[in-house]
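Student: Residues per chain, in single letters:
Protein chains: 4
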Amino acid sequence: MKNSTHSHIQVGIVGGTGYTGVELIRLLSNHPNAKITLLTSRTEAGKAASEIFPSLRGVCDVAFSDADIEALKSCDVVFFATPHGVAMKAARELVASGTKVIDLAADFRLQDLAEFEKWYGLAHECPDIMAKAVYGLPEVNRAAIAKADVVGNPGCYPTTAILGLKPVIDSQNTQDEALIDKRIIIDAKSGISGAGRSAKLNLIFSESSDNFSAYGVAGHRHLPEIRQGVETLLQSKFAHHIRFVPHLVPMIRGMYSTIHLGLTDAGCALDWQAIFEKAYADEQFVDVLPKGLLPETRMSRASNFLRIGVHQDNDEGVLTVMAVQDNLVKGAAGQAVQNMNVMFGLDEKAGLNVVAVVP
Amino acid sequence: MKNSTHSHIQVGIVGGTGYTGVELIRLLSNHPNAKITLLTSRTEAGKAASEIFPSLRGVCDVAFSDADIEALKSCDVVFFATPHGVAMKAARELVASGTKVIDLAADFRLQDLAEFEKWYGLAHECPDIMAKAVYGLPEVNRAAIAKADVVGNPGCYPTTAILGLKPVIDSQNTQDEALIDKRIIIDAKSGISGAGRSAKLNLIFSESSDNFSAYGVAGHRHLPEIRQGVETLLQSKFAHHIRFVPHLVPMIRGMYSTIHLGLTDAGCALDWQAIFEKAYADEQFVDVLPKGLLPETRMSRASNFLRIGVHQDNDEGVLTVMAVQDNLVKGAAGQAVQNMNVMFGLDEKAGLNVVAVVP
Amino acid sequence: MKNSTHSHIQVGIVGGTGYTGVELIRLLSNHPNAKITLLTSRTEAGKAASEIFPSLRGVCDVAFSDADIEALKSCDVVFFATPHGVAMKAARELVASGTKVIDLAADFRLQDLAEFEKWYGLAHECPDIMAKAVYGLPEVNRAAIAKADVVGNPGCYPTTAILGLKPVIDSQNTQDEALIDKRIIIDAKSGISGAGRSAKLNLIFSESSDNFSAYGVAGHRHLPEIRQGVETLLQSKFAHHIRFVPHLVPMIRGMYSTIHLGLTDAGCALDWQAIFEKAYADEQFVDVLPKGLLPETRMSRASNFLRIGVHQDNDEGVLTVMAVQDNLVKGAAGQAVQNMNVMFGLDEKAGLNVVAVVP
Amino acid sequence: MKNSTHSHIQVGIVGGTGYTGVELIRLLSNHPNAKITLLTSRTEAGKAASEIFPSLRGVCDVAFSDADIEALKSCDVVFFATPHGVAMKAARELVASGTKVIDLAADFRLQDLAEFEKWYGLAHECPDIMAKAVYGLPEVNRAAIAKADVVGNPGCYPTTAILGLKPVIDSQNTQDEALIDKRIIIDAKSGISGAGRSAKLNLIFSESSDNFSAYGVAGHRHLPEIRQGVETLLQSKFAHHIRFVPHLVPMIRGMYSTIHLGLTDAGCALDWQAIFEKAYADEQFVDVLPKGLLPETRMSRASNFLRIGVHQDNDEGVLTVMAVQDNLVKGAAGQAVQNMNVMFGLDEKAGLNVVAVVP
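Chains A, B, C and D are the protein sequences, given in the same order. If you want this note's numbering, it's the position in the first sequence, counting the first as 1, plus 63. If you want this note's numbering, it's the position in the second sequence, counting the first as 1, plus 63. If you want this note's numbering, it's the position in the third sequence, counting the first as 1, plus 63. If you want this note's numbering, it's the position in the fourth sequence, counting the first as 1, plus 63.
If we strip away everything but chain A, and leave its shape as in the complex, we get:
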């Protein structure tokens, strides 16, 4: 830790006025080993966080300041809860000063520069840092995260997709013939907070409540990230065609990915419930539900658990994997804190003992 004289990790959050920002504050407020020392916002500098979010009154009295690179350098770690393209402007300098970076946006998720520029429409400002950045999915990448200076915190959909597919791809990688069909269908559903804290007409209650819709049908930025997860991260030995269609659900939080897989004969011969259970037996935040119990998003609401239901039907030759999380926790801020814990050698659950809020 950079500031070895402090008892707590000194945390900076850039852009704490969005939903991932306030969620970071919620989680870090009770973290036993970390302390928010700097909170920045271009638009709200000078105001207390609790003025923007009165839910934080009595909890967090840090005030927003202007984003100042020198101040950020005094932190042990800086979270970027900003739009795409912000973290990459500061990352080099922070890393050089010994400050670790966790970007909750997309600047350090993709490893292919061309893909990044194609999907995000931005020229990357530090491709060298990008090349060394680590994809922050601890259940896949824990060792690398532990040594990383810069972590690209995964997108919410890719988190469910990659963790929902990992036991399948890993198993298949041990085989000579494919266990599943070439086509992988990920039909995903997200609560509306995934669209951010932004005044857009389609997001207002009267438009989005009591309504259900697909979006991004022609292509969504999380598709290349899911593909990278399967091909590069999980190193799938077999080629797959991934179709990803996201939908918007009239609920605030929650994400549900229904992954439709066709089983080959070899795939039918395996017990997928057992494979999934074994794959995640040692994970604290991935919960494979017992056979027959289907996940619901509320099982994870406001907690860091990603819960997985598995349904295998050999008569139909199908395997249905349902991966569920809170998009703002395991899908964003919770995972970022989990990454911080890994990066600083802390208990991976520190600060993440928040229990799902039911009802």
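It should be emphasised that the hints constitute simulated quantities derived from the structure, not laboratory data. The structure displayed is predicted, hence computed values, not measured ones. Misleading hints may appear alongside valid ones.
Remember, identical chains collapse to one label, so a pair may be satisfied in a single copy or spanning two.
[As the list claims (entries may be wrong)] Once the Cα atoms are required to be at most 25 Å apart in a straight line, the calculated SDA-like pairs of lysine to any residue come out as: (1) K354 x V125; (2) K263 x T237; (3) K245 x G380; (4) K263 x S70; (5) K65 x L352; (6) K300 x A108; (7) K98 x F407; (8) K341 x G121; (9) K181 x D376; (10) K65 x I115; (11) K412 x Y278; (12) K263 x P353; (13) K245 x T327.
Dock chains B, C and D against chain A, hints included.
Tutor: Just chains B, C and D, lined up with the frame of chain A:
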């Protein structure tokens, strides 16, 4: 009717891209005696209404045009579903040409110029027209509406408040002593569509769903309108102090006004259930619920019914009146169509036979 | 028409206390050629419909009576808005007396007796009537419906699935080689009203709001009906494997079926947007959205429109069909009224001019 | 502490299958000084808590057992998260054995036996214990709670009402003349979880979503408790007439009490914002919002904060107090844990550092 050669009333709608606009289109699409011939929008001219509101596909193929005063003059009646301050710019010319005006905004609701300018922050551009305009609450003002050239369509809250108080004030006016205490508390609750089709941060689903809040506690524009209703329209013989506090409910449509009245001894001596039933026995759209049945907003959802529940408790000396409506129908567009029907001598129910949507 | 002396079709509704029942009442209340003369309920006999559904106050004053077969025989047509297994007990006698039957439950949907008994766990009481019954999907089966005595009104999911697949299967049937892959994935989402008006713990607001879940993953009764639709009704020349996974959305009404199809090279060579538009060009209630416009459930809310969005991507080799409706209207009561209109030679839109309620 | 050899307070929860039960488990799971050692349920004995509430998977592995009085006696404290009438059957024996009792139902809230029996329709089984029980509102009753063996945890509405009125009644008690009018209007609104985890038709999503309604207008069990709070607990020197009307809001959690007070001239002379701020300056869980900031229920969602907004208008002579909480936390389980902390001399915030979940 101006266009006597037509079989249908020729209707123009200015500003049909908001919620009162689309609701007018919904209702008028099935009106047996009226036809939308002109639809204007500054921002959407050239587009079909069904491009903005795909819910109208197969129903309404009128396209938006620029607001042109000459074109508007060709209509028998023009509805202004616009922000405050628009109708007053066109009213004089329309009236002069024989076109009737129904304003769903506030330009012609208040009769006191100073009050208008104080609460709306606008100088009125046609105070003479304002002075002759009629407050469009048919159950109170039917005869005047029938002869009016310009109707100020009531605000949503005032509709519930005035109709909820009318039997009380009318009864009291026949007495020498007061029947109710001086203080009238109107604790009102509205669905979020009342805030309009507008991209504001506090209205987005993630902010307003699963949440309840008061607003306008320090003063709301509908207060002077409610006061005018009690004092001028209902001509209360006794002075009252009216306290009005509106709240926002996480539902799209619906309005619920809980009116708290204290009963004097003379007030306790009366049977208020019977008085309310008698008061509205001949009204088609005001429904006094039988004793013991409490209203719910869904009883009126998408219909033009205002439903009233009455609870009298002489031990406690209280009379609680609960007046419920769909804020976009009886509270806006439905009432506007009802006013049009009265103005043109049509069956008051024409076009308003929409049944409440339950569930 | 049986009662030729009446100006209106005499309609009976058995079991009008559920959601399909009250929706039938809502629609038929404004039907120009039909009149509800009999409403039956075992549990609510003696009460007015408007006592159970105060939303009907001022609209429908028919009272529930006991279900009496003789009284039902006096009707021209009887709708069964009952649980599965009720209509089959009365159908033979009604048909014998010349009364037509439209069952909104499943007694006359499936044509394979064994399938019916397997999925519904009931012995069918009139297999001969079942054999002659017609599947009531007018866009597929109009001529047969026009001559039918007994119509099995389709399930809500099958309506979206079959109409969403029809242009694809029909096109493929004209070819020598398949246009789509063998596997058809139907990932469907329904509003909660689809679960009926029933006091179940999982349906209460505190359990089902702000939540999303899959159900019936291991097998749902609508699967054999969808299969029958593809194989028997649409007579698919090619064999398909259909995977159907339904989900529950926290909204009252609305159904969204995302149909994932893989395109063969031959399939990629076609313009599916054009094929869909042409297929439904003459249909009043099936609306193919223009290219690029994605459906949302609210576009159909409370109306009888089924709206379809089509997305074709030849690079990916996928065709995504999104079929959207109000589950209680086109998915149940509206389609039943449409069937009645066809059976009695009326304008197919009669009573169905209800405009979608937006917002 | 009874079990002085343990490092943690040994906690029993009777009836942990309702919403107050699961909320107790959520909070106590992270309590630094307490541990759930016994969880009982008549209906679910043998099952793990996480089988009933999968949201607890990975958090709480205690299983439900039958309610056995001997086992309960081994606990330091027993929470009754049961229907009314259960705690009073076990309280005497538990107290005799040295086990403290906190009842989240109404057995020990009212101090007037006749009132209890009138409103709850039950004969009290231990009136002597009832007489010694302490009303568990720490901000009013802290010293007595610290010494209590049996605590009646307040109802949710009374918590908002009594804490919303306390600064007013306390101030008035120091005066010779009244500061507020005789009539106190409490117009209260609750999320649906307040109705419990119970399969009732009116609670299902399709009935209660997108809807707003009043209930208990003729009398609600929390009225005598509010009256007792004002008269006995706060010892109001002046007589008041309290009118309480609760409403149901389509949201899961949250409670909003709008308290309408008329100010006398003497009342207008005071600065109520300052009085409220001072009154609660030392309280950890009562948050008086700064002038002009109105509370919203989400500011407290899932946390133990009761937040109060105060609006004074001397022109109108009104004081409006808005008291907001999460009905399941400060309105139930959180307050119960707070009481336990007081009873056992712990930090009052222990286990209650849960931050409001926003969005």
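Student: Does each hint fit the structure? Answer for all of them.
Tutor: Verification of the supplied hints:
1. K354 x V125: between (46 Å within a copy, 21 Å between copies)
2. K263 x T237: neither (47 Å within a copy, 46 Å between copies)
3. K245 x G380: So K245 and G380 pass the 25 Å test inside a copy (13 Å) and across (12 Å) alike.
4. K263 x S70: This pair counts as neither: shortest intra-copy Cα distance 42 Å, inter-copy 42 Å.
5. K65 x L352: neither (40 Å within a copy, 38 Å between copies)
6. K300 x A108: This pair counts as neither: shortest intra-copy Cα distance 50 Å, inter-copy 48 Å.
7. K98 x F407: Within. Shortest intra-copy distance 13 Å satisfies the 25 Å Cα cut-off; inter-copy 30 Å does not.
8. K341 x G121: between (43 Å within a copy, 16 Å between copies)
9. K181 x D376: The answer is between: 18 Å across copies meets 25 Å, while 39 Å in one copy does not.
10. K65 x I115: Intra 30 Å, inter 45 Å, cutoff 25 Å: neither.
11. K412 x Y278: neither (34 Å within a copy, 31 Å between copies)
12. K263 x P353: between (40 Å within a copy, 23 Å between copies)
13. K245 x T327: The answer is both: 10 Å in one copy and 14 Å across copies each meet 25 Å.
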